[in-house]
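4 protein chains.
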Amino acid sequence: MKILFVGDVFGAPGRHIVREHLPHVLETHQVDLLVINGENSAGGFGITPSLAEELFDLGAHVITTGNHIWDKREIFGYMTVPADSHERGRRVLRPANYAHGTPGFGVYQGELPNGQAYAVINLQGRVFMSSCDDPFRKADELLSQVTAKVILVDLHAEASSEKVALGWYLDGRVTALLGTHTHIPTADERVLPQGTAYQTDVGMSGSYDSVIGVETELVLQRFLTGMPGKFEAAKGNAKMCAALITCDGATGRASHIQRIMLGE
Amino acid sequence: MKILFVGDVFGAPGRHIVREHLPHVLETHQVDLLVINGENSAGGFGITPSLAEELFDLGAHVITTGNHIWDKREIFGYMTVPADSHERGRRVLRPANYAHGTPGFGVYQGELPNGQAYAVINLQGRVFMSSCDDPFRKADELLSQVTAKVILVDLHAEASSEKVALGWYLDGRVTALLGTHTHIPTADERVLPQGTAYQTDVGMSGSYDSVIGVETELVLQRFLTGMPGKFEAAKGNAKMCAALITCDGATGRASHIQRIMLGE
Amino acid sequence: MKILFVGDVFGAPGRHIVREHLPHVLETHQVDLLVINGENSAGGFGITPSLAEELFDLGAHVITTGNHIWDKREIFGYMTVPADSHERGRRVLRPANYAHGTPGFGVYQGELPNGQAYAVINLQGRVFMSSCDDPFRKADELLSQVTAKVILVDLHAEASSEKVALGWYLDGRVTALLGTHTHIPTADERVLPQGTAYQTDVGMSGSYDSVIGVETELVLQRFLTGMPGKFEAAKGNAKMCAALITCDGATGRASHIQRIMLGE
Amino acid sequence: MKILFVGDVFGAPGRHIVREHLPHVLETHQVDLLVINGENSAGGFGITPSLAEELFDLGAHVITTGNHIWDKREIFGYMTVPADSHERGRRVLRPANYAHGTPGFGVYQGELPNGQAYAVINLQGRVFMSSCDDPFRKADELLSQVTAKVILVDLHAEASSEKVALGWYLDGRVTALLGTHTHIPTADERVLPQGTAYQTDVGMSGSYDSVIGVETELVLQRFLTGMPGKFEAAKGNAKMCAALITCDGATGRASHIQRIMLGE
Ligand SMILES: [Fe+2]
Ligand SMILES: [Fe+2]
Ligand SMILES: [Fe+2]
Ligand SMILES: [Fe+2]
Ligand SMILES: [Fe+2]
Ligand SMILES: [Fe+2]
Ligand SMILES: [Fe+2]
Ligand SMILES: [Fe+2]
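Chains as they are written, first to last, in our numbering: chain A, 19 to 282; chain B, 19 to 282; chain C, 19 to 282; chain D, 19 to 282.
Careful: at least some of the hints might be erroneous.
Each pair may be met inside one copy or between any two copies, as identical chains are not told apart.
[What the hints assert, rightly or not] Calculated cross-link-like contacts (lysine to any residue; reagent style SDA-like; alpha-carbon spacing at most 25 Å):
hint, residue 1, residue 2
1, K156, A135
2, K90, P246
3, K90, A117
4, K90, G247
5, K20, R208
6, K253, V209
7, K253, Q212
8, K90, F74
9, K167, P131
In short, the hints are calculated from the structure, not lab data.
Start from the sequences and build out the full structure, keeping to the hints where you can.
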């Protein structure tokens, strides 16, 4: 069984490049399950219902997010659906270790047309990020409830140490733990000894002639002066970054992970 | 001309793996200039004079470091040499944007046996790190003094945004800007449009069955309990991570960058 | 009923000044319940069993702590006692919102000789501090279990916003919420509208010719150079900082809070 | 000679309470020099030219600010005046250790009607705040240029350690070092041994039935859910917090500091 996970889709360049590449990648690799991190799809900041629809139309089974999830308020209502629903709003996740009472959900369990059960878990790191619940213990808690064998975890986090640590912590308990948030793909993809596919960061899908998606000049001004200024999505040199995981549907054990970076 | 830059050498496994691979890599690629980040060479924490000597004996022209530079006090005196010296202690750098009065130096300019001038600059980021001077303006200041055309910058920093931003800021002004500190190699190596070779992080040289070099179980306990505990270098699955840059010695302009990861 | 809460006792100067002043303060004000924050009693870093005994011998019913609690490992075993014990080790608290599995306890409920029930809760903030569980929800959880009406909360936290916010959150639900950790007493003591005595920070008990307890010259060197160096407790100009709360033992409602700063 | 320094004026409640109290305080204490921190005067976020005019009309000689200085863009142009000007725009300071090229100035030297020279310096801390230049060395640099003997420093900073440390560092070199930013007045005002009046934080001038100026319910929602939401200035229980310094105009040496908190 094949799973494709696409890293943070950033603004229009990100949406265009995934629209260009997803069809042939899904086809070529016979992808069964598609998960996309969409936290930056709205101009770099958040996601709206219509952009979520766009990503679902491209074939996404589940959309994961991260710290930018609440940037666009329109998404709140879209994600406010019953826990046992399978509609699209239910399949836009926010990190599961956000506070109780936060809109939406951080885990989704579904079934592919062929009957294969799968689960997607979204978590956020705490090192160098704003406070949230312990992602290690939240993972334990969720895994005790999930019945699917095929489980993909999107760990949205800054620090490499926290991502690597959670990778080892979940090795053998999930099919893949894939990092997002730094917007730069790492070259450390591997299958850990107990069968969990791991990559510290899948990398952003968006313009790479930019500072992690944002117009370079605007970010440089921020670094040089500390003064505010609107951040806009950069254009040019868009790439889709993703990870392709091969796993056994019956055991959920991964056998292979391949890093993908496709440009214009 | 060929430059090899080796990422954070971590503890004994890091030292062993670079000793194993450096000779054939230097030979195969006809490397002219070798720079090694040695901030973690002493069991993961700092560097001692004898470990610096060990890295120089392997052929390093310059050793760069980062936030762990002061972990071993023996290095203070070793780095306390005249600014115009070319002895080994002068060629162990600490980030140039540390406060005035800090021991040692953050830039070194030297000459290869063939007369080729080169400079190495060590900088540290400020995002998610302890306070230091502005690395952007410190780079401007140093570049106004350096006369060599071939210039390698080791930017020791946490945040991908800061590293990418400084890469663009220095594009065309230095031969290469290579990131260190996260201990995970990134897959974004490229030559920027104005001729600067860039990679967000070169990655650690050490054990990859670990949490960024440290024994996994010890780090997991820290994440799970918040309690102190001695961190020890992990063993097993050591890899040397490095970047190989091809550049024009006359102009300093890079034409190629290649990511290297060599294991046991 | 009178409660005295003494702020972070820092090193020998802190221990000496509380030994000097506690007897007459307890006597003069007819204090019923004495709680002392002891996280810095061991030379500024942690607390040992014998120093805890020293504070208990001075009359402390409960010792609270904070982020320095694990600095001295000897305290681990001392705090490892049954949850229903009332021995001294049980009455050294660490923040209640530390991870499950951490030694010790974050809440203690006891009874004064006159039969008056009381509880002490220790919490730690998350803003600008290392990750721990949500102190707001942990307070809710603990308060649902505590049966005593007289409840004192030591909130060990950095950010004024978080301390003030938790004060309002618990107003009317606890007798007093007193802040610690910044080591500087604040002048905002008051009884909130629903009857909770509040002070953002009680202030340290230790040398005030210092940088929050540490020898000034050592801290200045750290700020000026970023270099490591052993921190030692300063001497001279010791003061005991405390808050004296008057409350109704039957309802737990506070009627008065008085800031105390007593010097040599 | 008497100097009055008023802490962070927060929104309309802050502006009203200072308008109510300043006249009689200035009169009663025969204040010669009035400095007001105005970074939060515009609804809690920034300052506009018309609000600056309002504070100048109340008698302010100089307005200091801090991290919120750029929240309202209208102030940029107002502060863009020649360095040697004495007009009002020149007397709105931003922290002096902001990057070169930032609008405005961080130091102002002027003369009172009686010919008494004075200087005001605005600095920002670095601990738990965004990156800026070293406030210790920036203070050295500015003090080497200032010729006035009477010098007031507003250190806008979060960490008590950094504020106390800079107080000791400048003791005997400035008339007063007064902290701002935490919005809670501290009870540690004193004249340091070499004649510098010191207080870790002067406290906010605004509503104290709030979380450091902001409507309590809004801040609690933020802490409880991590979700965005507009912050609005709270109303009710406004207080003006200030420090009154007595010093020798000829030497600049302080002899007394008095904490002031005046309510509705
Ligand atoms: Fe993102
Ligand atoms: Fe993110
Ligand atoms: Fe480092
Ligand atoms: Fe390192
Ligand atoms: Fe503390
Ligand atoms: Fe403390
Ligand atoms: Fe403020
Ligand atoms: Fe501020």
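To see whether the hints hold, each was checked on the structure:
no.	hint	in the structure
1	K156 / A135	within (21 Å within a copy, 35 Å between copies)
2	K90 / P246	both (20 Å within a copy, 10 Å between copies)
3	K90 / A117	within (19 Å within a copy, 32 Å between copies)
4	K90 / G247	both (18 Å within a copy, 11 Å between copies)
5	K20 / R208	within (15 Å within a copy, 30 Å between copies)
6	K253 / V209	between (34 Å within a copy, 18 Å between copies)
7	K253 / Q212	between (41 Å within a copy, 18 Å between copies)
8	K90 / F74	within (18 Å within a copy, 39 Å between copies)
9	K167 / P131	within (16 Å within a copy, 58 Å between copies)
Going down the numbered hints, you'll see the structure goes against none, and every one checks out.
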